[in-house]
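Number of protein chains: 2
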Amino acid sequence: MEELPGAFGTSASLTLRLGQIVFSSASLCFMCLDVGFYSYTSFSFLVTVMGLAIPWSITLFMVDAYSVFIQCLPIQKRLILIIVLGDMVMSYLSLAAACSAASVIDLLHEAGKSHCPAKLCGRYQLSAAMAFLSWFLSLASCLFNFWILPSL
Amino acid sequence: MEELPGAFGTSASLTLRLGQIVFSSASLCFMCLDVGFYSYTSFSFLVTVMGLAIPWSITLFMVDAYSVFIQCLPIQKRLILIIVLGDMVMSYLSLAAACSAASVIDLLHEAGKSHCPAKLCGRYQLSAAMAFLSWFLSLASCLFNFWILPSL
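Sequences listed follow chains A and X, in order.
Just so we're aligned, residue 1 is where the first sequence starts under the UniProt record's numbering, counting upward by one.
Just so we're aligned, residue 1 is where the second sequence starts under the UniProt record's numbering, counting upward by one.
There's no promise every hint is true.
The calculated lysine to any residue pairs, modelled on SDA-like cross-linking and capped at a C-alpha distance of 20 angstroms, are [stated by the list, open to error]:
{"#": "1", "chain 1": "X", "residue 1": "K113", "chain 2": "A", "residue 2": "T41"}
{"#": "2", "chain 1": "X", "residue 1": "K77", "chain 2": "X", "residue 2": "P150"}
{"#": "3", "chain 1": "A", "residue 1": "K77", "chain 2": "X", "residue 2": "L152"}
{"#": "4", "chain 1": "A", "residue 1": "K113", "chain 2": "X", "residue 2": "P150"}
{"#": "5", "chain 1": "A", "residue 1": "K77", "chain 2": "X", "residue 2": "L149"}
{"#": "6", "chain 1": "X", "residue 1": "K77", "chain 2": "A", "residue 2": "T41"}
{"#": "7", "chain 1": "A", "residue 1": "K77", "chain 2": "X", "residue 2": "L143"}
{"#": "8", "chain 1": "X", "residue 1": "K113", "chain 2": "A", "residue 2": "W147"}
{"#": "9", "chain 1": "X", "residue 1": "K113", "chain 2": "A", "residue 2": "H115"}
{"#": "10", "chain 1": "X", "residue 1": "K113", "chain 2": "X", "residue 2": "L126"}
{"#": "11", "chain 1": "X", "residue 1": "K77", "chain 2": "A", "residue 2": "W147"}
{"#": "12", "chain 1": "X", "residue 1": "K77", "chain 2": "A", "residue 2": "L149"}
{"#": "13", "chain 1": "A", "residue 1": "K77", "chain 2": "X", "residue 2": "I148"}
{"#": "14", "chain 1": "A", "residue 1": "K113", "chain 2": "X", "residue 2": "K77"}
{"#": "15", "chain 1": "A", "residue 1": "K77", "chain 2": "X", "residue 2": "L126"}
{"#": "16", "chain 1": "A", "residue 1": "K113", "chain 2": "X", "residue 2": "A111"}
{"#": "17", "chain 1": "X", "residue 1": "K113", "chain 2": "A", "residue 2": "L18"}
Only some residues are given here: those of chain A computed to face chain X with a beta carbon under 10 angstroms [what the hints assert, rightly or not]:
{"#": "18", "residue": "I82"}
{"#": "19", "residue": "V84"}
{"#": "20", "residue": "Y92"}
{"#": "21", "residue": "V104"}
Per label pair, the in silico range of CB-to-CB distance [stated by the list, open to error]:
{"#": "22", "chain 1": "A", "residue 1": "A118", "chain 2": "X", "residue 2": "W147", "range": "43 to 53 angstroms"}
{"#": "23", "chain 1": "X", "residue 1": "V68", "chain 2": "A", "residue 2": "L33", "range": "40 to 50 angstroms"}
{"#": "24", "chain 1": "A", "residue 1": "I82", "chain 2": "X", "residue 2": "V68", "range": "45 to 55 angstroms"}
{"#": "25", "chain 1": "X", "residue 1": "L120", "chain 2": "A", "residue 2": "L152", "range": "25 to 35 angstroms"}
{"#": "26", "chain 1": "X", "residue 1": "V22", "chain 2": "A", "residue 2": "S44", "range": "25 to 35 angstroms"}
{"#": "27", "chain 1": "A", "residue 1": "S39", "chain 2": "X", "residue 2": "C121", "range": "18 to 28 angstroms"}
{"#": "28", "chain 1": "A", "residue 1": "E110", "chain 2": "X", "residue 2": "C29", "range": "22 to 32 angstroms"}
{"#": "29", "chain 1": "A", "residue 1": "S39", "chain 2": "X", "residue 2": "Q76", "range": "25 to 35 angstroms"}
No lab work stands behind these hints: they were computed from the structure.
These figures come from a predicted structure and were not determined experimentally.
The C-beta atom is built at its ideal place from N, Cα and C for all residues, glycine as well.
Starting from the given sequences, assemble the full structure and let the hints guide the process.
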């Protein structure tokens, strides 16, 4: 089987996982820096999803790092299937969380400054944007691994 | 290749497509029955996405119906790949639309009756619920076709 850049065990995959960790953590930090997010269901949902996405990305980052730097791991069909399904679930969840947070921010922004002070609102927007980027990288990982699945 | 119930060209797939058409149309109707949805970005997004999902499901419903009732179509790898990718895009979009609509409805509900009269709010909630069901069926179609892809 040829190696596809971005699929499991390549350095491109390592970069994608690193990006996912960075963006998910940034999204979580921007949202959690004050306790106000608890008042809104969708912000809590975003925090929960990012709290799930970070350990998933870190695990796969470590496996990829092991495969790239120490010893090339054998690529098994079952392993790739689990990674593809996990990435798919994670990407669905992050897109859902990002979209619901973004729509609530949009509504709060329209409702006026009393509901959403400029500084806080900007931070929520940054958090949603980071969640979108994390979704995009997670989707990329999912599609690259999905692509090599038929050839295994 | 064995036939998998739910994959392209089977009667289970026909049922899934029919469900998608019914739920997407119901979601669109519940949202569009008054013109108030234009004021909210996420409601307009839901209407746009459902307006894309309906023709996609109808096309695949007709192809499936042809394959089941008239003449069994040959299953080509390229065709299944296009269907899987299309279903994936559609399911991402419907989940995003359903989530953003649901979170906005939740916020409007909390804001009080002036923003969201009980009757109108109930209809918006029904619309979001239908969009979730449509997403679920779309995901099922995507996964069934994805499953047969490696064996082609």
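Evaluated hints:
1. X:K113 x A:T41: holds, 19 angstroms
2. X:K77 x X:P150: The given pair, whose Cα atoms are some 9 angstroms apart, holds under the 20 angstroms limit.
3. A:K77 x X:L152: Answer holds: K77 (chain A) to L152 (chain X) is near 16 angstroms, not above 20 angstroms.
4. A:K113 x X:P150: violated, 53 angstroms
5. A:K77 x X:L149: holds, 14 angstroms
6. X:K77 x A:T41: Violated, at about 42 angstroms.
7. A:K77 x X:L143: Holds, at about 17 angstroms.
8. X:K113 x A:W147: Not OK: K113 (chain X) and W147 (chain A) at ~50 angstroms, beyond 20 angstroms, violated.
9. X:K113 x A:H115: holds, 18 angstroms
10. X:K113 x X:L126: Given that 20 angstroms is the threshold and the Cα spacing comes to 17 angstroms, the pair holds.
11. X:K77 x A:W147: holds, 13 angstroms
12. X:K77 x A:L149: holds, 14 angstroms
13. A:K77 x X:I148: holds, 14 angstroms
14. A:K113 x X:K77: The given pair, whose Cα atoms are some 54 angstroms apart, is violated under the 20 angstroms limit.
15. A:K77 x X:L126: It is violated: about 41 angstroms lies between the C-alpha atoms, which goes past 20 angstroms.
16. A:K113 x X:A111: With a Cα-Cα distance of about 15 angstroms, the restraint between K113 (chain A) and A111 (chain X) holds, given a limit of 20 angstroms.
17. X:K113 x A:L18: violated, 46 angstroms
18. I82: violated, 14 angstroms
19. V84: This interface hint holds because 9 angstroms falls under the 10 angstroms limit.
20. Y92: holds, 6 angstroms
21. V104: Hint holds; V104 (chain A) Cβ to chain X Cβ min 5 angstroms, cut 10 angstroms.
22. A:A118 x X:W147: 43 to 53 angstroms: holds, 49 angstroms
23. X:V68 x A:L33: 40 to 50 angstroms: violated, 56 angstroms
24. A:I82 x X:V68: 45 to 55 angstroms: Since the Cβ atoms of I82 (chain A) and V68 (chain X) sit about 33 angstroms apart, the hinted range of 45 to 55 angstroms is violated.
25. X:L120 x A:L152: 25 to 35 angstroms: Since the Cβ atoms of L120 (chain X) and L152 (chain A) sit about 52 angstroms apart, the hinted range of 25 to 35 angstroms is violated.
26. X:V22 x A:S44: 25 to 35 angstroms: For S44 (chain A) against V22 (chain X), whose Cβ atoms are near 32 angstroms apart, the range 25 to 35 angstroms holds.
27. A:S39 x X:C121: 18 to 28 angstroms: holds, 19 angstroms
28. A:E110 x X:C29: 22 to 32 angstroms: holds, 26 angstroms
29. A:S39 x X:Q76: 25 to 35 angstroms: violated, 52 angstroms
When held up to the earlier numbered hints, the structure conflicts with 4, 6, 8, 14, 15, 17, 18, 23, 24, 25 and 29 and fits the remainder.
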